[in-house]
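Chains as they are written, first to last, in the working numbering: chain A, 1 to 103; chain B, 1001 to 1230.
Read the hints as simulated data drawn from the structure, not as lab findings. Careful: at least some of the hints might be erroneous.
Unchecked claim - No more than 20 Å apart at the CA atoms, straight line, and that leaves these computed lysine to aspartate or glutamate pairs for EDC-like:
(1) 1118(B) with 1160(B)
(2) 27(A) with 1091(B)
(3) 83(A) with 1182(B)
What the hints assert, rightly or not - Simulated restraints on C-beta separations:
(4) 1128(B) with 63(A): 31 to 37 Å
(5) 2(A) with 1095(B): 19 to 25 Å
(6) 28(A) with 1004(B): 34 to 40 Å
(7) 77(A) with 1197(B): 17 to 23 Å
(8) 1034(B) with 77(A): 27 to 33 Å
(9) 1034(B) with 64(A): 24 to 30 Å
(10) 2(A) with 1098(B): 30 to 36 Å
(11) 1201(B) with 97(A): 31 to 37 Å
(12) 80(A) with 1008(B): 31 to 37 Å
(13) 77(A) with 1203(B): 31 to 37 Å
(14) 1179(B) with 59(A): 40 to 46 Å
The beta carbon of each residue, even a glycine, is placed where N, CA and C say it ideally should be.
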Amino acid sequence: MIWTLIIFSGLITYVTRFLPISKLMPKKLPNLVQQGLQYVSIAVITPIIINSILIDTENIIRIDDNPKIFAALIAIGVALVSKSIILTLTCGLAIIWIFEFLI
Amino acid sequence: MSKFSEFKNGCIELIPLQIGVFPFGIAFGILGNESGLTNLQTFLLSSIIFAGVSQIVFAQLIAALTPGFIVVATVGIVNLRHILYGITLSEYLKNLPLKWRLLLAYLITDEAFAISQKRFSEKKKNNNMHYHLLGSGLTLWTSWQISTFLGIFVGHFIPDSLNLEFAIPLSFIAIVAISIKDKPKLLVFVVSALLSVIFKDLPWNLWIIVSAIIAIFVGIFFSNIRKVKQ
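Using the sequences provided together with the hints, build the complete structure.
Here's what the structure looks like:
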C-alpha cells in the first residue's frame, strides 16, 4: 500500500516537472492560473508550519508552555532580516536548546 | 563556454545552498523513521519523489493514517510550484531532444532552479547551458541522498533533546518568510495560517489542501481587486 502511494506521489511530482517543458502544455497559461501558482508555496507550507508548532500529538492547540512559538517568532524575524535559511535554522534551534537545557 | 565548464559551474554554484539542504535531508531521514516508513521506503522517497517539502508532507500524512488519495492529492498540490519553474525554464529547454528534457525535468527543484535560472538569464548564452542545470541538479540530488541516508542511520544516535526535527518547520519558516514579497502574498500567509487552525479537525487530514486552496483564491481575488483600484 505504502509503496503504491510512493510510486503515485513520485509520478505526480514528475508530471508537474515535465509537463511545462514537454510541449504538451499551452505556452501561456491564463493569468489567473499563473497568479495562483505563485501563491502555492506559501499557501501549502504555512499550514504545515502552524501545525507543527501549535498543535501537539493529541491534536490540541498548545499556547502555554510552548517554547516552539517563541523560537518560531524569532526565526521569522531572523528570516525576514537575513534572508538566510541557515541563519534562521541556527537561531531557531539555539532558542529551543536554551529552553531545553537552561530553563 | 564548454559543456564541461557549464556543468562544473552548475555544481559549484549549488554548493553554498547545501548548508541549508543538508540538515533538512537529515531531519527528513529521522522523520521518515518516526512516521512508520521503513528505512528503504524513506531512502527511496528521496529519489522517487526527490522534493523535500513533498516528502515531509508525505511522511507526516502517512504517520497520521491519511487515506491514500488525500496523500497523493496533497503531494500534487505541494508540487504545483514546479509548473512555474518549468514555464520559466521551457524558454531555454524547449528545443532540447526529448531524452534531455525527460532527464532535466527530474532535476528541477527549488534550489537547482534558483541557481540555473540565474545562469540562463545571463547575457552570454550558448547551446550548452543545459549542462549547468544538469550540474546543479545532480549536485543537489547527490547531497539529498547522502543526507537522507545519514538521517536514517545516524539519526538514532542524535539525542531527542536536541529537537533536530524542529529543523523542518524552521526551514519552512525561512522559505515562506523570504518569499513574502508583496501584500497579496502576506495575505495568503495569514489566511492559510488561520485556516489551518480552524480546519485542524477536518477528517482525513484535509486541513492542508483546504486551507491552501482557499488561501490561494483569496490571494488571487485580493490582487485583482488591487489592480482594479489602481
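Quick rundown of the hints versus the structure:
1. 1118(B) with 1160(B): Answer violated: residue 1118(B) to residue 1160(B) is near 39 Å, above 20 Å.
2. 27(A) with 1091(B): holds, 9 Å
3. 83(A) with 1182(B): holds, 15 Å
4. 1128(B) with 63(A): 31 to 37 Å: Check failed, 55 Å falls outside 31 to 37 Å.
5. 2(A) with 1095(B): 19 to 25 Å: Violated, at about 39 Å.
6. 28(A) with 1004(B): 34 to 40 Å: The hinted range 34 to 40 Å holds for residue 28(A) and residue 1004(B), with Cβ atoms some 35 Å apart.
7. 77(A) with 1197(B): 17 to 23 Å: Since the Cβ atoms of residue 77(A) and residue 1197(B) sit about 21 Å apart, the hinted range of 17 to 23 Å holds.
8. 1034(B) with 77(A): 27 to 33 Å: For residue 1034(B) and residue 77(A) the Cβ distance comes to about 29 Å; the hint holds.
9. 1034(B) with 64(A): 24 to 30 Å: holds, 25 Å
10. 2(A) with 1098(B): 30 to 36 Å: holds, 32 Å
11. 1201(B) with 97(A): 31 to 37 Å: holds, 32 Å
12. 80(A) with 1008(B): 31 to 37 Å: Between residue 80(A) and residue 1008(B), where Cβ atoms are some 34 Å apart, the hint holds.
13. 77(A) with 1203(B): 31 to 37 Å: The hint (31 to 37 Å, Cβ to Cβ) holds, given that residue 77(A) and residue 1203(B) are roughly 36 Å apart.
14. 1179(B) with 59(A): 40 to 46 Å: violated, 28 Å
Hint compliance for this structure: hints 1, 4, 5, 14 are broken, all remaining hints hold.
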